[in-house]
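Kindly produce the complete structure, drawing on both the sequences and the hints.
2 protein chains.
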Amino acid sequence: MNYVKENLWQIEEVGFDSRYLGKTESIMALGNGYLGSRSATEEHYTTERRDTFVAGTFNKFAENEVSELPNIPDMWWMDFIINGEIFSLEKGITSNFSKRLNLKNGELIREFDWEFATIKLHFTFRRFVSKARRHYLSSFVTVENLTDIPISIQIRSGIDGQVTNSGSQHFHEGEKGLVNGKYIQMMPQTNESEIDFVFTIGHRLNAKNVSERIEMGRRQIFMNYFFDLPSNNSATIEKRMSVYTSIDNDISDHEISEIRETAISEMEALEVFSFEELLQESAEKWSEIWEKHPIEIETENFKDQLAIHFAKYHLHIMTPAHNEHMNIGAKGLSGEGYKGHTFWDTEIFMLPYFNFTHPEIAKSLVTYRYLGLDGAHKKARNNGYEGAQYPWEAANPTDGEVTPVWGAADIVTGQSTKIWSGFIEQHITSDVTFGVKQYIDVTGDQEFTEQKAYEILFDTAKFWGSRLEYNTEKDYYEIKDVIGPDEYKEHVNNNAYTNYTAHWNVTYALNLAKELKEHDPETFERLNQKLELDNVLADLARKVDKIFLPQPTDEGIIPQDDSYLSKKTIDLTKYKSKDGVDGLFHDYNLEQVNEMQITKQADVLLLLYLFEGLFPREMKLKNFEYYEPKTTHDSSLSLSTHAILSADLGKLDESYEFFEKACNIDMGEYMKSSDDGIHAGSLGGIWQMIVFGYGGVRMIDGKLRIEPHLPKAWNKLTYGFDYHGESITVVVMKEGFELTKEDNGNDVVFFSNGEAYTLKNKLSIL
Amino acid sequence: MNYVKENLWQIEEVGFDSRYLGKTESIMALGNGYLGSRSATEEHYTTERRDTFVAGTFNKFAENEVSELPNIPDMWWMDFIINGEIFSLEKGITSNFSKRLNLKNGELIREFDWEFATIKLHFTFRRFVSKARRHYLSSFVTVENLTDIPISIQIRSGIDGQVTNSGSQHFHEGEKGLVNGKYIQMMPQTNESEIDFVFTIGHRLNAKNVSERIEMGRRQIFMNYFFDLPSNNSATIEKRMSVYTSIDNDISDHEISEIRETAISEMEALEVFSFEELLQESAEKWSEIWEKHPIEIETENFKDQLAIHFAKYHLHIMTPAHNEHMNIGAKGLSGEGYKGHTFWDTEIFMLPYFNFTHPEIAKSLVTYRYLGLDGAHKKARNNGYEGAQYPWEAANPTDGEVTPVWGAADIVTGQSTKIWSGFIEQHITSDVTFGVKQYIDVTGDQEFTEQKAYEILFDTAKFWGSRLEYNTEKDYYEIKDVIGPDEYKEHVNNNAYTNYTAHWNVTYALNLAKELKEHDPETFERLNQKLELDNVLADLARKVDKIFLPQPTDEGIIPQDDSYLSKKTIDLTKYKSKDGVDGLFHDYNLEQVNEMQITKQADVLLLLYLFEGLFPREMKLKNFEYYEPKTTHDSSLSLSTHAILSADLGKLDESYEFFEKACNIDMGEYMKSSDDGIHAGSLGGIWQMIVFGYGGVRMIDGKLRIEPHLPKAWNKLTYGFDYHGESITVVVMKEGFELTKEDNGNDVVFFSNGEAYTLKNKLSIL
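Chains A and B, in that order, are what the protein sequence lines are. Taking UniProt numbering, the leading residue of the first sequence gets 1, the next gets one more, and so forth. Taking UniProt numbering, the leading residue of the second sequence gets 1, the next gets one more, and so forth.
Careful, some of the hints might be misleading.
Pairs count within a copy or across copies, as identical chains cannot be separated in the list.
Below, in silico cross-link-like pairs of lysine-lysine (BS3-like), each with a Cα-Cα straight-line distance of 27 angstroms or less [unchecked claim]: (1) K363 / K292; (2) K91 / K120; (3) K661 / K672; (4) K182 / K418; (5) K661 / K712; (6) K378 / K363; (7) K480 / K378; (8) K651 / K661; (9) K672 / K91; (10) K480 / K568; (11) K576 / K303; (12) K734 / K651.
Since the hints were derived computationally from the structure, they do not count as laboratory data.
Printed below as a string of C-alpha cells:
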C-alpha cells in the first residue's frame, strides 16, 4: 500500500499482485449505503471475489442456511480481447500500475501500461457508485495504443449472473434482454425472499468503426464491441449501470414492469450528462459529509489524518441510512464475511460516530432495533425467556436470530465447530440497550425516547429478569453458560461484562419506571399495558440487588468469569507480534484455548471503558495491566477499546501504539486481513479513538464529559459533534482546548475533570 | 492438436493456451458411464469449465428451470504454491507442454517444465477414472526440482463444492469433515431431487518433512501440505477419490451413514494397492472393450483409425450401462450442454453401435425408453393426445418432457428465443420406435420384444393416430405445425421426415397386430387390455392409407415440408466453409432463415438413409444433389448421414470428405466447438460411417444387408458385429469382402447386392 503526505484523501496500491486482490477489493470498496461493491477488477482473476450487495435484500439459499445478503449479478465485468488475446495482468509486462481510491469523491482509478507480444497499451479504469443517485453506478475506461501499429480490440461487457455467495446461488435467473435496442436488462429474483431486481446497463463508445454483437448465455448477457485502435490513438468505453429492487423505498410501484420503466427512464434522462458531470454530482453529496464536523489532526504521522478520512468514507458507504428496516453489517457491504448481518458492533462501535455527527442516521439505526422487538421476542420465546432478547446476528429486523450454527473446522478433530454465539452470547441485549441510551442522551431526541426507546429499555430489562438464575447456596442471581465479549471462552458462568451490563439494564429500567410514574404517568401506563410492567418491575425490584456482580480480587482484578482466574497462563508474545491472528489456532484448538487465561478481545476492559463511571481509576489501571498482556486482539474490536482506555489512564504512548495498530487493521500492510470485507467496528473505533480517546468526549450517566489529551505525535486536534441539536467544534492543543458553538442555539453544559462548564458560543479551557 | 501415426491411441495437445481449455477439457474427458468428468486442470484458470457429473442424478435448481445433471463438487483441484507464488501456466515460462489422453487405458497425462523467477520445476500430472470400480478416481502428481536450490512447496488439495452449473447451485452444502484423521468427506444433497452424495478423498505424499493443515471454508474442505523440495529431487502426491450417491444401484443400503462407511471401507481396502495397480486394473476393463469387435483400417490417413478409437472411447465413458433408468446425454457426461438430457441422438446415432457390438448395453438403453412410457403418456396427455408421445428431451425416464422453454438471444430483437422443440419436434416418437425396432431386429432379443418392445411399438402408433389431423378439403391426414430434423424450420406443415416415419410407425403396428393375433394371441390380448388395441387399431386402419406422404416433384425432389420448396434460396458457400457454424446467424435471425431454403442438417436425406428400402436409388441421388448444397451442417448429426448416404450412392470421394469433416467435429483443429461438451451423436456417427457407410451393414425391413465399398484412401477395413447372438467379423478389401463367424453358432442369412447368402463359418464375396 502506498500513502503519501501530499494526498490525505487517497489510498493507493502500486504494483499488481493477484494473490492480494482481496485487499483492495475490500478497502477500496465503493458504495452509497444502498449498495456496496468490492472493487474487483473489470477483467477476471482466479483469486478474485466479485461481490456486490444491496442493503437489506436478505435471502436464504436453503432452509438449513441462514439468510444472508445475496451477491448480486456482476456488472463491472469487461473483458478486453486484444489482438485475440484475453487481457490479464498475469500475462505480459505491466508497468506504472496504480490502483487508487479518492476518499473525497468516491472515485476509483486504476491505470497501467501493459505490454504483450507486439501490444503496448495504456489502460485507465475509472468508476464510482453515485452518492447522489443511489441506484446508479458507472465505469469509464480509456485504452491508448502506445505502438506504431493498429491494435484490434474486442470489448465484452455486460452482466454476469453466474456469481454466487461462495457457491450458494440466491437468484432465479429471471428474464433478460435488450431494451429499446440500447440497454441491457436482467431481472433475477431471490429464491426465498422473492425480491425482484432490475439491472440496467447502457454503453457509450468513443472509437471508430465499431461493430457490435449481443451475446446471451445462462445468467449472462453481454455486448461485444469490435474495433481497430489506430497507432497512438485512444478509445473510451463508458458503462452506465443501475440497480433497483422491489423493496426500494424511494419508488412507489413495485411491479417489475414499472421498475423496469423507472430504470430505463432514468438511463434515458441521464443521457445528457457526461461521466464527469455525474461523478461531480456524486462528489457534491460527498462534500456534505466532509463538511460536517471535519476532523483535522496536526500530527507527525500523516496517516492518522488519512485514517479518519478512510474510516468516515467507509462508515458512510456501508450504512443504509435511507431505510430504517436495515442496519450495518459487520463487514459493511464489502464482503461475504458475516453474511451482511448486524452485530453488537453497531451499538458499541459504529453508532457513536452517527450519534455525535449524523443523528438522523443514528436514529435510523436505533429504529431498526425498535422494529426488531418482534424478532427479539421470538428469540426470547424460543429460548424460554420473556421480553426482548436481541439476536446475536440480525438480518431483517423481524427475523430474530440468524447466527449460523456451524463454523470452520477444528484443527484437532477436523470437524466443523458449533457456533454458540447465537445461543449464548447474550450481552447483545444490554449492548442494544446501551446503544439506545447513548442515542437519546447524545441527541436528546424526545420523540424517539417516548415512542420507542422506553419500550426497548423496559423490554430488555424484562428479558434479563427472566434470564437470571437463582443460586440458593449463595443466595444470588447469576447468569450461567454464556459467552462474553471474549469469544475464546464458551460456556462460562457469570461473565463480568454480561452480569454488570445486565445489572445496569435492570437498574436503569427500575429508575426509569420511577421517573416516568412521577413525570409522565400516561406513557408509563401505555407501556405497562403493553409489557405488563407492574409485574415485571416488581420482579426486577426483588432481584436487582441480588444480581451477582463479580467483585475485584485482593489484587483488584475483576474476574472475567467464575473460572478465568484459575486457568493456566501462557506467554502470548509470539502470537501477538504476527500478522493475522490465527497463529494461536495452529497450535491450540478452541477447547484448549478455553482452558487458558487467553482473551480474544477487550472484555472486562470494555466494561471499564463503557461504564467508566462505575469503576475507580486505580481499578481500571490494575485490570488493564492484568488483562492486556493476556489479550490476543484477535478481534478488530479490541484495539480501539484498549487505545481509548489507555488514553484515559494517561498511558498515551501505549495508547498511540494501539491507535496505529487499529488504523492498520484494514489500511495496513498485511494483505490478507480484509479478504472477507473491511472491519466495520474497527472503522467506528478509529473515530472513537480520536474523538473519545484523544478528544476526551464521553457520555457518562447521561452527562457530557470532555477531557482531551493528545498523544505525543499530535500538536493539535480539531473535531466537532452534534449534541442535543447543538453543533460544537473543539480544538485541542498540547495544553488546553477550545470549544465553539454556533450562535443561535441553547447553552450546553458539560463536565471536564470534575468541573461543570456551560458553553454558550466559545470557551477556552487551559 | 497433435496426432501421430506412431500412436493410434493417443490424442495430444502440445503447448498451452488458456483460451482453449474447453477443447481438451471435453475431448479428453474421463469417465466410466457412472461418472464423467471434464479434464480441467488441477490449478485454476478463469476460462476453465470444471464439470463432473454422475449419470442420472438429475435435479431442478428451481421450479421454473428444467432438471439437469448437477455439476458435482470438484475433487481434481490442487493448488501448488511455489515459493509463495500460486502456480499458473499464465505466469512464467512453460516449455515441453504436453497434455494427452491414452484412449486405450483412459489415462490422462499432462507434463511440462515451468520456470518462474528462480524456480524451475518439471510437473507430471496423471489421472484416471476407474473403469473397474465405478466410484473410484485418482490423480498422481510428480514435481521435480530442476534447480540447484531447494524450493518451498505448498499443496492445497481437497474438494470444492462452490462449483455450479453456470451459476445454478444444485446442492445443499451438507456435512463435511475429516474421518479417521485421514480421509476428507463431504456429503451434499441435491436441493430438489434430494439425492445424497458422499465424496471421499485420501492423500498420499512422498516427500520429506511434510507438515499439514486442514482448511475448511464454505462448501470447501482442503488439506494443505508444506515441504521443501531439495535441489534435483522430486516429490509426489497421490489423490484418491470416490463418489457415491443414494441412487447407486450397486449398494443396498442408501442411508447416508452406511454410504459413508462403504466409501471409507473401500478407501481402506485399496490402501494396499498402488496408483499403478489401480490404473492397471482399470486398463484391463478397457481391454475387454477393445477386444470386442476391433475396427482396423488400412488407410493413407492414420487419423481414420485414431478417430474410431476416439469415438468408441467416448461412447463408453458417456454411457450409463450400469443402470437402465439412465440414458446417454447429447454431450455425454462431458459438459453442461443440453443439461445431460437424452435426445433422438441415442436411437438414431449412438444406439446402432451398441446394438451391433454391445447388445447388453443396447438393451439397457431401449429399456430406458420402456421405463419412459409413463413420461410419454404424461406428455401426450398434456398435449391432448393419446398413447406414448416421447419427450424431445428426457432426463429421468418418468419425468416426461424436460426441454427448456427459453434459449439464446435473437440477434435482431435481443430477446430470448422460445425453444419450440419440446412442443412440436415430434418425430422423436417415431425415432424411438425406430430404435427399438432396430434393436430387436439386430439382437433378436425375444424376451425384450415380447415384454417391452411390442408395447412401445403399439403405444407410439396410438399416439400418431391421435396426432393426425384430417384435412377435409384434401381428404387426407396430415401433421401440421411441427419441427422436423431441420431445426431452422419451425412451425411447418407435413415435414416429410415426420410424416413418413409416423406412417411407418402406424403401418408397422398394424402389421404387427395382424401377426400377433395369428401367432401369439395371448400377448396380443395382454396388450389389448392394457392399450385398448382393438379400438386403436381400428382407428389406425381407417387412417393409415390416408396419411399424407409428401410426394416427389416432377424433378424427383421430396418436399421437406409444405412450404420449403417455395422459399427463396441463397448461396451458402460462405457459411459452409467457416469454422463454427454460427456465421449464418450473425447475418440472419432464425425468423429470416425460416423463410429460406436453408437446412440445418440432414432431414429428407436422413429419411432416405434410415428407410432406404422405401426409396429408389435415383430418387436418393436427386434429393442428395438438391438438398446437400442447401445444408449448413450446423448440427453435428448431419455430416455422418451425408457421408453414409453418399457412400451408398457411390460418391465415395465426396463421402470421404464428409467422413473426415465428421471425425473432426471434436478431434479437429477448431478449438471452440467442444466447449460445451463432446458431440455424442457425431461419435456414434463415426462408427456408423465406418460400419454402415464403408462396411455396408444395414438392417432393412428386419433383414441384414452387407454391401461394403471402401473410399480411395483405404486399402482394407476389418470390423465385427454381433447379430442374433452370433459374432461376425468382416474383412473388406478393395475388391470383395470376407466374413467369418465363430464356429459354434447358428447360420446367419444376409443379403448383398440383391443376393441372399448364408454364413456358416466363413464366406468370401468377391
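Verification of the hints:
1. Taking the shortest Cα distances, K363 and K292 sit within 27 angstroms of each other inside one copy (17 angstroms), while across copies they are farther apart (79 angstroms).
2. Taking the shortest alpha-carbon separations for K91 and K120, both the intra-copy value of 12 angstroms and the inter-copy value of 18 angstroms come in at or below 27 angstroms.
3. Taking CA atoms no more than 27 angstroms apart as the test, K661 paired with K672 passes inside one copy only; the shortest distance there is 15 angstroms, against 52 angstroms between copies.
4. Taking the shortest alpha-carbon separations for K182 and K418, only the inter-copy value of 22 angstroms comes in at or below 27 angstroms, while the best intra-copy value is 51 angstroms.
5. Taking the shortest Cα distances, K661 and K712 sit within 27 angstroms of each other inside one copy (16 angstroms), while across copies they are farther apart (80 angstroms).
6. For a Cα distance limit of 27 angstroms, the shortest separation of K378 from K363 inside one copy, 24 angstroms, qualifies, whereas the shortest one across copies, 59 angstroms, does not.
7. In this homomeric assembly, K480 and K378 come within 27 angstroms of each other (Cα to Cα) only inside a single copy, at 21 angstroms, whereas the closest approach across copies is 61 angstroms.
8. For a Cα distance limit of 27 angstroms, the shortest separation of K651 from K661 inside one copy, 16 angstroms, qualifies, whereas the shortest one across copies, 82 angstroms, does not.
9. Taking the shortest Cα distances, K672 and K91 sit within 27 angstroms of each other both inside one copy (23 angstroms) and across copies (21 angstroms).
10. Taking CA atoms no more than 27 angstroms apart as the test, K480 paired with K568 passes inside one copy only; the shortest distance there is 21 angstroms, against 86 angstroms between copies.
11. In this assembly of identical chains, K576 and K303 lie within 27 angstroms of each other by CA distance solely inside one copy; the values are 23 angstroms within and 65 angstroms between copies.
12. Within a single copy, K734 and K651 get their C-alpha atoms as close as 15 angstroms, which meets the 27 angstroms cut-off; across copies the closest is 101 angstroms, which misses it.
Checked against the numbered hints above, the structure breaks none of them.
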